[in-house]
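2 protein chains.
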Amino acid sequence: MDAQKPYVIGVDLGGTNTVFGIVDARGQIVAEDSIKTQAYPTAEEFVEAGVQCLKPLIAQVGGIGNIAGMGIGAPNGNYYSGSIEYAPNLSWAHTTVVPLAKMFSEQLEGLPVRLTNDANAAAMGEMAYGAARGMKNFIVITLGTGVGSGIVVNGQLLYGHDGFAGELGHVIMVRGAEGRPCGCGRTGCLEAYCSATGVARTAREILANTTRPSLLREKPADQLESLDVSIAAGKGDEVANEIFQFTGKMLGEACADFAAFSSPEAFIFFGGLCKAGDLIMKPIEESYNKAVMNVFKGKAKFLVSGLMNANAAVLGASALGWGE
Amino acid sequence: MDAQKPYVIGVDLGGTNTVFGIVDARGQIVAEDSIKTQAYPTAEEFVEAGVQCLKPLIAQVGGIGNIAGMGIGAPNGNYYSGSIEYAPNLSWAHTTVVPLAKMFSEQLEGLPVRLTNDANAAAMGEMAYGAARGMKNFIVITLGTGVGSGIVVNGQLLYGHDGFAGELGHVIMVRGAEGRPCGCGRTGCLEAYCSATGVARTAREILANTTRPSLLREKPADQLESLDVSIAAGKGDEVANEIFQFTGKMLGEACADFAAFSSPEAFIFFGGLCKAGDLIMKPIEESYNKAVMNVFKGKAKFLVSGLMNANAAVLGASALGWGE
Numbered sequence: 182m183d184a185q186k187p188y189v190i191g192v193d194l195g196g197t198n199t200v201f202g203i204v205d206a207r208g209q210i211v212a213e214d215s216i217k218t219q220a221y222p223t224a225e226e227f228v229e230a231g232v233q234c235l236k237p238l239i240a241q242v243g244g245i246g247n248i249a250g251m252g253i254g255a256p257n258g259n260y261y262s263g264s265i266e267y268a269p270n271l272s273w274a275h276t277t278v279v280p281l282a283k284m285f286s287e288q289l290e291g292l293p294v295r296l297t298n299d300a301n302a303a304a305m306g307e308m309a310y311g312a313a314r315g316m317k318n319f320i321v322i323t324l325g326t327g328v329g330s331g332i333v334v335n336g337q338l339l340y341g342h343d344g345f346a347g348e349l350g351h352v353i354m355v356r357g358a359e360g361r362p363c364g365c366g367r368t369g370c371l372e373a374y375c376s377a378t379g380v381a382r383t384a385r386e387i388l389a390n391t392t393r394p395s396l397l398r399e400k401p402a403d404q405l406e407s408l409d410v411s412i413a414a415g416k417g418d419e420v421a422n423e424i425f426q427f428t429g430k431m432l433g434e435a436c437a438d439f440a441a442f443s444s445p446e447a448f449i450f451f452g453g454l455c456k457a458g459d460l461i462m463k464p465i466e467e468s469y470n471k472a473v474m475n476v477f478k479g480k481a482k483f484l485v486s487g488l489m490n491a492n493a494a495v496l497g498a499s500a501l502g503w504g505e
Numbered sequence: 182m183d184a185q186k187p188y189v190i191g192v193d194l195g196g197t198n199t200v201f202g203i204v205d206a207r208g209q210i211v212a213e214d215s216i217k218t219q220a221y222p223t224a225e226e227f228v229e230a231g232v233q234c235l236k237p238l239i240a241q242v243g244g245i246g247n248i249a250g251m252g253i254g255a256p257n258g259n260y261y262s263g264s265i266e267y268a269p270n271l272s273w274a275h276t277t278v279v280p281l282a283k284m285f286s287e288q289l290e291g292l293p294v295r296l297t298n299d300a301n302a303a304a305m306g307e308m309a310y311g312a313a314r315g316m317k318n319f320i321v322i323t324l325g326t327g328v329g330s331g332i333v334v335n336g337q338l339l340y341g342h343d344g345f346a347g348e349l350g351h352v353i354m355v356r357g358a359e360g361r362p363c364g365c366g367r368t369g370c371l372e373a374y375c376s377a378t379g380v381a382r383t384a385r386e387i388l389a390n391t392t393r394p395s396l397l398r399e400k401p402a403d404q405l406e407s408l409d410v411s412i413a414a415g416k417g418d419e420v421a422n423e424i425f426q427f428t429g430k431m432l433g434e435a436c437a438d439f440a441a442f443s444s445p446e447a448f449i450f451f452g453g454l455c456k457a458g459d460l461i462m463k464p465i466e467e468s469y470n471k472a473v474m475n476v477f478k479g480k481a482k483f484l485v486s487g488l489m490n491a492n493a494a495v496l497g498a499s500a501l502g503w504g505e
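Chains A and B supply the protein sequences, listed in that same order. Each residue of the first sequence is one higher than the one before, counting from 182 in my numbering. Each residue of the second sequence is one higher than the one before, counting from 182 in my numbering.
Watch out, some of these pointers could steer you wrong.
Copies of one chain are not kept apart here, so a pair can be met inside one copy or by any two copies together.
[To be verified] Calculated pairs, BS3-like style, for lysine-lysine (alpha carbon to alpha carbon, straight line, at most 30 Å):
1) K478 with K283
2) K480 with K283
3) K236 with K463
4) K463 with K416
5) K430 with K416
6) K471 with K217
7) K217 with K430
8) K478 with K217
9) K236 with K430
10) K186 with K400
11) K236 with K400
12) K186 with K482
13) K430 with K456
14) K430 with K471
15) K317 with K480
16) K482 with K430
17) K400 with K283
18) K236 with K416
19) K471 with K400
20) K236 with K471
Bear in mind the hints are in silico, worked out from the structure with no lab data behind them.
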């Protein structure tokens, strides 16, 4: 870390907003602003708007000479190429490869800019500022619209030979014809069961297959969201708790396979579903310890992100800005 | 690498024999001898016999001053602790933890000694001398009595937080009551289907469930071995080829999940089953490319070990002797 350059820039590039934050070495966001990600017809115009948004923030901390680097977390971000590649939900990147890191660097006096996908950025954030401080082997699992993952081994993010490692939402949990269709075009993926949409689908299936009373019946089935399940489970609703048992069982069994792979010290969960706390975390951990090989039993910690209330995505991306 | 010390010792500690080899920097075994692993009642006596076996080999290359280090590949070997831990098939280590690296080092004038499990040693060997030269992300899968694995990411072996990472023979391929029992005490593991015993079991199941003619019927079913399947498949036996299709499909689907984890450049297969060549490798690769996420399709190489005819285990273990 360059003592002469006490700040980094962290960028959380999401489908709706792109948040720019200036972060100090203790993980404090000292300045922040945002733009609408898709208000620009081209990537060039998006970068131009981003730089205009950043300039006053950079001035606030004494100019670009005080910035060590910039890290961007973005959907379909590839660390090796510094590009966003065919991101289905970004109007200016869904059919192309956008070399975003290079584009920002050129507009910011050659500042080192690194880019990775959102789940990897979350793992960087946990390691630098969150629940994984001091850990060298852990897996962050993000439970959101999809199921993503950032895998750290030997203190390094696992990128694989092409930059696309860590797609744990797409290991197959149900093989063959019974598997649920997944957004990736295949069937039976973990994501099809444990994403927000997966949990809502589980809710609809259980409600349709029984006549048991449930708070979840107060809403039309096609409008049910995973948040409704969390709220109902918190009120002691039995059907909602069964949905969490089912979801937790699958996540725990998946983690048992992940342990056979990289034997992490901890699994760290991030995203809306974790707000249900023990209602979801206990079933995950119980299922894991039941399913896992003897040699791993009882060893791994199951943690909720240490950054759920901070601007985790900005912090995570900013950790990339310090370099390796 | 210390130019003053041009040799390393590689040790392949198996259930029957323990082979000691002196290896030069080009991967040539310049001297070799062996002892019976289980002819000694205690670990102390085994180490004493090993040192006596090594002494003339060391003298041949000019003395211990010419040896940079020693690497041992052993069942249930833990890299972090340098110990063999509860190895079910070793009489002097099956109920205890044997600090073998330390014991050998003490008897060899403080020589640096490192120890790892057999599949990890195979991966080291492939990287240093075999099919993985120049690769930084690959997975070695050993198809023997069990199914083992050595995973390399960023050019480093993946040991995990406790040294037990890389147990890919024990990811669950068939969940629930239908899964075959596995030696690990659980059901449905990859090893239960794709180890030598797994392949023989598949053969017995297919033969029992049909009346189709097959060369495999020439032997009593309970004496069938995976080698018989290889020989029959080589002669064009349809049932034998169906067994390889089944085995290859499962290995390919498992590799598709492994790609989602670490996105390796290559999967390298090692062990008796690979001697069947394309008869088993083609079904694996076809199944993989059918099962894997789009982003990985067609990218990974499927290779047979580059060390099948050399003393691969000794070479692999010796690679540890050079240090990191």
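Cross-check of the supplied hints:
1. K478 with K283: Answer is between: at 27 Å across copies they meet the 30 Å cutoff, but 45 Å inside does not.
2. K480 with K283: between (42 Å within a copy, 26 Å between copies)
3. K236 with K463: For K236 and K463, neither the intra-copy (46 Å) nor the inter-copy (56 Å) Cα distance is at most 30 Å.
4. K463 with K416: within (17 Å within a copy, 54 Å between copies)
5. K430 with K416: within (21 Å within a copy, 46 Å between copies)
6. K471 with K217: For K471 and K217, neither the intra-copy (45 Å) nor the inter-copy (39 Å) Cα distance is at most 30 Å.
7. K217 with K430: neither (38 Å within a copy, 46 Å between copies)
8. K478 with K217: For K478 and K217, the Cα distance exceeds 30 Å both inside one copy (46 Å) and across copies (34 Å).
9. K236 with K430: Classified as neither: same-chain Cα gap 48 Å, cross-chain 55 Å, threshold 30 Å.
10. K186 with K400: neither (53 Å within a copy, 75 Å between copies)
11. K236 with K400: neither (47 Å within a copy, 79 Å between copies)
12. K186 with K482: neither (36 Å within a copy, 43 Å between copies)
13. K430 with K456: within (18 Å within a copy, 39 Å between copies)
14. K430 with K471: both (10 Å within a copy, 28 Å between copies)
15. K317 with K480: Intra 15 Å, inter 29 Å, cutoff 30 Å: intra and inter.
16. K482 with K430: within (16 Å within a copy, 34 Å between copies)
17. K400 with K283: Answer is neither; intra-copy 48 Å and inter-copy 66 Å both fail.
18. K236 with K416: Neither: 48 Å inside a copy, 73 Å across copies.
19. K471 with K400: Answer is neither: 35 Å inside a copy and 40 Å across each miss the 30 Å cutoff.
20. K236 with K471: Answer is neither: 53 Å inside a copy and 48 Å across each miss the 30 Å cutoff.
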